[in-house]
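Could you build the full structure based on these sequences and the hints that come with them?
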Amino acid sequence: MLFRPLAPLMLTAILMLGACATSKGEYPSLARRPAERLTATFDAPPVPEVVVLPAPPAAVTGQLDGLVGAARAADAKFRARELRARSTVNAAGSARMGTESWGTATIAVAELEAARAEAMLALADLDLLYNDTRVRGEDPGAIGAARDTVTGLIARQDQVLGELRSRLGS
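The numbering used here puts the first residue of the sequence shown at 1, with every later residue one more than the last.
Derived by calculation from the structure, the hints in this document are not laboratory data.
Bear in mind that the values here come from a model prediction, so they are computed numbers and not experimental data.
Idealized CB from N, CA, C, for every residue including glycine.
Watch out, some of these pointers could steer you wrong.
[Said to hold, decoys possible] Restraint ranges, calculated between C-beta atoms of paired labels, are given here:
hint	residue 1	residue 2	range
1	P48	A114	47 to 55 angstroms
2	E100	G137	55 to 63 angstroms
3	E100	V135	16 to 24 angstroms
4	Q159	D43	53 to 61 angstroms
5	L128	T99	38 to 46 angstroms
6	A117	P57	50 to 58 angstroms
7	G103	A155	26 to 34 angstroms
8	T99	Q63	42 to 50 angstroms
9	V50	A117	36 to 44 angstroms
Structure follows, in structure tokens:
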């Protein structure tokens, strides 16, 4: 009973939808159209020229030996203090924080950190030289090699310091 008033409306809608259907021949083709076919040819892009960067001035490269030397001197201090720090940390064992043996071991590790800080100063100066050289458009190869040398020294120092700090529990 509820659908009786809606019946004429539904019949009209069905008839209207039937009128939307057309014969097969009137649908657009899905085949490629001429505009969709690629007919042009393109040339390969030109090979870019290899740009050789000029070397940095001698004043810059002259600083490299001194900075690497400073980092090596700091590493020598670090290695000289490393044995004492290791034995002090081993002697402290699992000593509680604030005890005398813990304090002595902490001071020994701090001395190692001071030697590492000297190497970090040399690395900071090398980083500045490297960045300035890149900004000026010069070849930073020699500076990069010096940086890699100093970074290798510092990485070893970081490893030793991490090991000693973990034993101390700090």
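Taking the hints in turn, this is what the structure says about them:
1. P48 / A114: 47 to 55 angstroms: holds, 49 angstroms
2. E100 / G137: 55 to 63 angstroms: Hint holds: Cβ distance 58 angstroms, inside 55 to 63 angstroms.
3. E100 / V135: 16 to 24 angstroms: violated, 52 angstroms
4. Q159 / D43: 53 to 61 angstroms: The hint (53 to 61 angstroms, Cβ to Cβ) holds, given that Q159 and D43 are roughly 54 angstroms apart.
5. L128 / T99: 38 to 46 angstroms: holds, 43 angstroms
6. A117 / P57: 50 to 58 angstroms: For A117 and P57 the Cβ distance comes to about 29 angstroms; the hint is violated.
7. G103 / A155: 26 to 34 angstroms: For G103 and A155 the Cβ distance comes to about 28 angstroms; the hint holds.
8. T99 / Q63: 42 to 50 angstroms: holds, 46 angstroms
9. V50 / A117: 36 to 44 angstroms: At roughly 41 angstroms between Cβ atoms, A117 and V50 fall inside 36 to 44 angstroms, so the hint holds.
Comparing the model with each numbered hint stated earlier shows that hints 3 and 6 do not hold.
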